[in-house]
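Engineer: Here the protein sequences come in this chain order: A and B. Counting along the first sequence from 1, when you hit position 94 you're at 94 in the working numbering, and nothing is skipped either side. If you count the second sequence from 1, you need to add 1000 to reach the working numbering.
Hints may be right or wrong, so weigh each one.
As the list claims (entries may be wrong) - Cβ-to-Cβ under 7 Å is the rule here; a few derived chain A residues that face chain B: (1) P8; (2) D38; (3) P39; (4) G42; (5) L43.
For the record, the hints were derived by calculation from the structure and aren't laboratory data. Everything numeric in this text was worked out from a predicted model, so none of it was measured. Glycine residues also receive a C-beta, built at the ideal position from the N, C-alpha and C atoms.
Spelled out, the chains give:
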Amino acid sequence: NAGVTQTPKFRVLKTGQSMTLLCAQDMNHEYMYWYRQDPGMGLRLIHYSVGEGTTAKGEVPDGYNVSRLKKQNFLLGLESAAPSQTSVYFCASRPSSGGGNEQFFGPGTRLTVL
Amino acid sequence: DAKTTQPPSMDCAEGRAANLPCNHSTISGNEYVYWYRQIHSQGPQYIIHGLKNNETNEMASLIITEDRKSSTLILPHATLRDTAVYYCIVRGRDNAGNNRKLIWGLGTSLAVNP
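The following block holds chain A by itself, in its conformation from the complex (with noise of 0.2 Å):
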């Protein structure tokens, strides 16, 4: 199992621009999230999504928008990249049942918007 990938690992913008993240799980979890890491601050939760076709808002759902048409995709777009859009995004998967609350994570994607 490859767990939880993202593409692209890094990207640079125009401000402006727009780009769609990606995350895919192959472990058939219901539950995906996408967290944005800044200096000095701790994960923030921007969506997230309990199921196929469903997406709620985080903590910093601004200027972002999500989709989830597949149970193992979960998308984070950006429309109009801004400079305060810069930093890691990482997305997470976990089962809805069993376990506790155990959120795998994928490696990151690096994103700067000039």
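Starting from the known structure of chain A, fit chain B onto it as the hints suggest.
Structural biologist: Only chain B this time, still in chain A's reference frame:
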């Protein structure tokens, strides 16, 4: 949502036990305490979680005080590869009142020295 307080940094000699404290004085009766760690430039990794009783797995032990207001993560024989940021997290609630999200703080940066 319960918050956690951790020392910003700690040192430990290789081969010795690393004891990482966490205060969560506002934790409610049904909230779990989770520990994750993040090695530099990687995604966070789940370590252990608990509710009331002490827990142990292949990675670490978790000691929770009887009043549940604090806990300690113990790495019994720290190695250089245990150098990471360790996060103590209490599971919070989303806007609908459901337990969904993990509330991340800044963690403790543990340096294991040879």
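Engineer: None of the hints should be skipped; say for each whether it holds.
Structural biologist: Hints, verified against the model:
no., hint, in the structure
1, P8, "violated (15 Å)"
2, D38, "violated (11 Å)"
3, P39, "violated (10 Å)"
4, G42, "holds (3 Å)"
5, L43, "holds (4 Å)"
The earlier numbered hints that this structure contradicts are 1, 2, 3.
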